[in-house]
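Using the hints provided, position chain B relative to the given structure of chain A.
Which chain is which? The protein sequence lines are A and B, in order.
Per UniProt numbering, the first sequence starts with residue 1, numbered consecutively.
Per UniProt numbering, the second sequence starts with residue 1, numbered consecutively.
Just to be clear, a hint being listed does not mean it is correct.
[To be verified] Below 20 Å or equal to it, Euclidean Cα-Cα: the simulated EDC-like pairs (lysine to aspartate or glutamate) are: (1) 243(A) <-> 90(B); (2) 242(B) <-> 250(A); (3) 242(A) <-> 250(B); (4) 243(B) <-> 240(A); (5) 243(A) <-> 240(B); (6) 243(A) <-> 175(B); (7) 242(A) <-> 240(B); (8) 124(B) <-> 90(B).
[Unchecked claim] Not close to chain B: a few residues of chain A, all C-beta gaps over 12 Å, as computed: (9) 53; (10) 87; (11) 93; (12) 123; (13) 169; (14) 217; (15) 225; (16) 226; (17) 237.
[What the hints assert, rightly or not] Restraint-style ranges between C-beta atoms, simulated for each label pair: (18) 120(A) <-> 229(B): 30 to 40 Å; (19) 123(B) <-> 71(A): 48 to 58 Å; (20) 79(A) <-> 96(B): 32 to 42 Å; (21) 48(A) <-> 229(B): 34 to 44 Å; (22) 96(B) <-> 71(A): 22 to 32 Å.
It is worth saying that the hints were derived from the structure and are not from the lab.
Even glycine gets a Cβ: it sits at the ideal position worked out from N, Cα and C.
Spelled out, the chains give:
Number of protein chains: 2
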Amino acid sequence: VTHSSGNHAQAIALAARETGRAAHIVMPRNAPEVKRAAVVGYGAEVTLCEPTNAARAAEAERVRVAVGGYFVHPSNDPEVIAGQGTLGLEFLEQVPHLDCIVVPIGGGGMISGVAVAAKTLNPKIRIVAAEPENARDAATSKKAGEMSGHLPGQPATVADGLKTVLGSNTWPVVEHLVDAVITVSEADIVSHTELVWRRLKVCIEPSAGVGIAAALSDHFEQAFGDCRNVGVILCGGNVDVKKMARMFPEA
Amino acid sequence: VTHSSGNHAQAIALAARETGRAAHIVMPRNAPEVKRAAVVGYGAEVTLCEPTNAARAAEAERVRVAVGGYFVHPSNDPEVIAGQGTLGLEFLEQVPHLDCIVVPIGGGGMISGVAVAAKTLNPKIRIVAAEPENARDAATSKKAGEMSGHLPGQPATVADGLKTVLGSNTWPVVEHLVDAVITVSEADIVSHTELVWRRLKVCIEPSAGVGIAAALSDHFEQAFGDCRNVGVILCGGNVDVKKMARMFPEA
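Next up, chain A with everything else stripped away, as it sits in the complex (with noise of 0.2 Å):
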């Protein structure tokens, strides 16, 4: 049982499946079509509950109580942070003088895991969280030195994926190993989406896209700009290419 629309929820799925366990994923309702199919597609049961980060933990342990499952956060759970820094260690093993990391942060446990693994392997390398503006508990967070959730009302942002706030165990890494929060704008988020599918030909979620807006912002080049190689972990590719490529403005 888990909480999750996208990576994860897909990934819970097809190790149930492998492992003839069944799954069952509670998504918001509004989570992309696509991601619901994906998630079907591996064999999952899908529940669907109210948009909200406390409907979507209830209706989870509604459902992991009537099935008896075993409920396993998409974040902040200390063996999905373990799994998501194989990330980083295949980074450093693929690229093995990068000396910043940009990661795109909804509840912190991709971020977490990478920054423990690659400041393990180097620990003078960055970590940099890429946040959108519109859901920016992580940025608020850091700046108060206590965990901060969303502001009043739902994040609005097309990065569906990082509409989720930090945990007890991914804001202690994030307030210690990221070096910094970088928060990017919708636009910004649209237009370096596009960059990549245009580019590097790479059909990214906007939630990836996060990151390259980060890394090529304003901010990141005063902060970071003493940084030579710098790698961008492209988190997702759960998207209607379809109803992407309508985002994107005529050429």
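Chain B only, in chain A's frame:
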């Protein structure tokens, strides 16, 4: 000086810029705008011509004489063919156990280079050409046992990179080293291009989708069903992502 609208044009433009030379590219008037923009982006001079193979050749010759340049044919030039052969070397270096490589065919330069390189390293490897039904000069030539051009009229295919015809240096290689030519319909080209966008998350152009369509065709299954490790060369991403996405059916 060359006539080409895709990879070759960009390669010549970039090579010329890197070596401080001027590049003059002749392109058919109806080439996708994105291809023209890419070539201009690499600093080349573009001359448009009528969209026939004869007009391309004539205009390139006119430009060559006018600027006193050197003509590099996009597919029939032996050094271009040799360069394309490095694709085969790299592919087999990365996946040594391939027993078949599928390559989209237009002028035949890419498949000629790949066939010579791959069959030198592994004489048992199968090389299969993938061609749009609507531009099937290679299939026709193979069947006739002699080089034949297109059917009368302009080839009408969404795979605009494959409208060219075999030449004096590529036909002998295609005749002797290519095991089969598989033709695919326009509908199959679009649906397999979409498959790559959706599942592999790579924004390929339709000419590259031709290779996937052929590899997943009944014809391939019947003739090469014993091949367990099949490589397909995704030969280009020169595509306007908005226009391409519009061609895909609604989810």
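Checklist entry - Can the restraint linking residue 124(B) and residue 90(B) be considered satisfied, given a maximum Cα separation of 20 Å? => result holds, 18 Å
Checklist entry - Is the Cβ of residue 226(A) farther than 12 Å from every Cβ of chain B? => result holds, 28 Å
Item to check | Pair hint residue 243(B) and residue 240(A), alpha-carbon separation not exceeding 20 Å | outcome: Holds: residue 243(B) and residue 240(A) sit about 15 Å apart, inside 20 Å.
Item to check | Claimed clearance of chain B by residue 123(A), with the beta carbon kept past 12 Å | outcome: For residue 123(A), whose nearest Cβ neighbour in chain B is about 33 Å away, the distance exceeds 12 Å, so it holds.
Next on the checklist: Assuming the hint says 22 to 32 Å, is it satisfied by the Cβ distance from residue 96(B) to residue 71(A) or not?
Outcome noted: violated, 44 Å
Item to check | Distance rule for residue 225(A), whose beta carbon must clear each one in chain B by more than 12 Å | outcome: The assertion about residue 225(A) holds, with a minimum of 26 Å to chain B.
Checklist entry - Holds or violated: is the Cβ of residue 237(A) farther than 12 Å from all Cβ atoms of chain B? => result violated, 4 Å
Item to check | Satisfaction of hint between residue 240(B) and residue 243(A), Cα-Cα up to 20 Å | outcome: holds, 15 Å
Item to check | C-beta pair residue 79(A), residue 96(B): status relative to the range 32 to 42 Å that was hinted | outcome: Since residue 79(A) and residue 96(B) have Cβ atoms about 35 Å apart, the given range 32 to 42 Å holds.
Next on the checklist: residue 242(A) and residue 250(B) were given as a pair; does the straight-line alpha-carbon distance stay at or below 20 Å?
Outcome noted: Given pair residue 242(A), residue 250(B) holds - Cα atoms ~7 Å apart, limit 20 Å.
Item to check | Reported absence of residue 169(A) from the contact zone with chain B (all CB gaps over 12 Å) | outcome: It holds; residue 169(A) is separated from chain B by about 30 Å at its closest Cβ, greater than 12 Å.
Item to check | Cβ separation check - residue 53(A) to all of chain B, threshold 12 Å | outcome: Consistent with the label, residue 53(A) stays out of reach of chain B, its closest Cβ about 27 Å off (over 12 Å).
Violated hints for the displayed structure, listed by number in ascending order: 1, 6, 17 and 22.
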